[in-house]
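Undergrad: Sequence:
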Amino acid sequence: MVRITSSNFSITQICQSGQCFRMNEMEAQGGQRVSLVAHGRYMEILQSGDDICFDCTQEEYDALWKHYFDMETDYAEIIAGIDADDQYLTSAAAFGNGIRILRQDLWEMIISFIVSQQNNIKRIRRCINLLCERYGEKRVSGNGTVYYDFPTPQALANATLEDLYACNLGYRSRYIHETASYVWQGCIDLGKLYELDYVGAKDELLKLCGVGTKVADCICLFALHKTDAFPRDTHINKVLTAQYPGGFPFDKYADCSGVLQQYIFYYDLMGVR
DNA sequence: CATCAGGCGAGAC
DNA sequence: GTCTCGCCTGAT
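One gets our numbering by counting positions in the first sequence from 1 and adding 1206 to each.
Please note: incorrect hints may appear among the correct ones.
[Said to hold, decoys possible] In silico lysine-lysine, DSS-like type, Cα no more than 25 Å apart, as pairs:
| # | residue 1 | residue 2 |
| --- | --- | --- |
| 1 | Lys1413 | Lys1398 |
| 2 | Lys1398 | Lys1420 |
| 3 | Lys1398 | Lys1408 |
| 4 | Lys1458 | Lys1420 |
| 5 | Lys1344 | Lys1328 |
| 6 | Lys1420 | Lys1408 |
| 7 | Lys1444 | Lys1420 |
| 8 | Lys1458 | Lys1408 |
| 9 | Lys1398 | Lys1328 |
| 10 | Lys1444 | Lys1328 |
| 11 | Lys1458 | Lys1444 |
| 12 | Lys1458 | Lys1413 |
| 13 | Lys1398 | Lys1272 |
FYI, nobody ran anything at the bench for these hints, they're computed from the structure.
Please work from the sequences and hints to get the whole structure.
TA: Shown next, in the form of structure tokens:
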């Protein structure tokens, strides 16, 4: 068990923000609890107010989860940098101030956000769980929980189109089949994407079948942690049209616009209006 | 029954 | 380069 105290950190907000499809809210008394599969491990986190309890060793927290949850970044500073005259953005950030931009697995994000297109979060989770159960390695955690690794490029490349359609992926089945084959054959070196800047990494990702501008931006933000990426989906476009008819002030928020995108997205999705 | 969900690829121009 | 159109599936 690792106990830490942090304002600007909410496991439920992170869970609901829709960047991670393998994080689930659980029943809990006297606080919030989520389970998570990442880094090939299963973990639970308990939170009560500013008190957060990671169910792992200190070594594991320091080596993996601290970085995964972006604990080194001061989100209060980002929020403090928001233009006080921008009432919408100020409200959105106050509403979602516990959100973090996670550092998730690159391959998992590529497939997850291909699945996400023209799809709703509930079905996205179902599709991904199905892919993991059918093509991921089965594991058992320390507390006896059965879970599945995210399928490897090889496992998905070996799945037939029919198999993928059977996972209710619809027309995205072909995209996943082609992208998995492409990666498994070594046509793209995913490792080198970490060395590129946002624009360079995005250009490479756009070569993948089923990856367009929006999906590429999500991968850049949630896997490569390019916080200057600003994914534009239907929610964001709706808000930009209504709240920023003169254009969103990207120049003010050069290297944190991706964080702001998450505040806006979450506020539009969950906020009471 | 129509519409939409965190878009994208293919083809027309 | 920009625009339109069709697309699996399920929830509302």
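Undergrad: Against this structure, judge whether each hint is valid.
TA: Here is how each hint holds up against the structure:
1. Lys1413 to Lys1398: holds, 14 Å
2. Lys1398 to Lys1420: Distance ~21 Å between lysine 1398 and lysine 1420 Cα, so the pair holds.
3. Lys1398 to Lys1408: holds, 12 Å
4. Lys1458 to Lys1420: Holds: lysine 1458 and lysine 1420 sit about 22 Å apart, inside 25 Å.
5. Lys1344 to Lys1328: Status holds; Cα separation ~23 Å.
6. Lys1420 to Lys1408: holds, 10 Å
7. Lys1444 to Lys1420: holds, 15 Å
8. Lys1458 to Lys1408: holds, 22 Å
9. Lys1398 to Lys1328: violated, 32 Å
10. Lys1444 to Lys1328: holds, 21 Å
11. Lys1458 to Lys1444: Measuring from Cα to Cα gives roughly 21 Å; hence the hint holds.
12. Lys1458 to Lys1413: violated, 31 Å
13. Lys1398 to Lys1272: holds, 23 Å
Hint violations for this structure: numbers 9, 12, all remaining hints satisfied.
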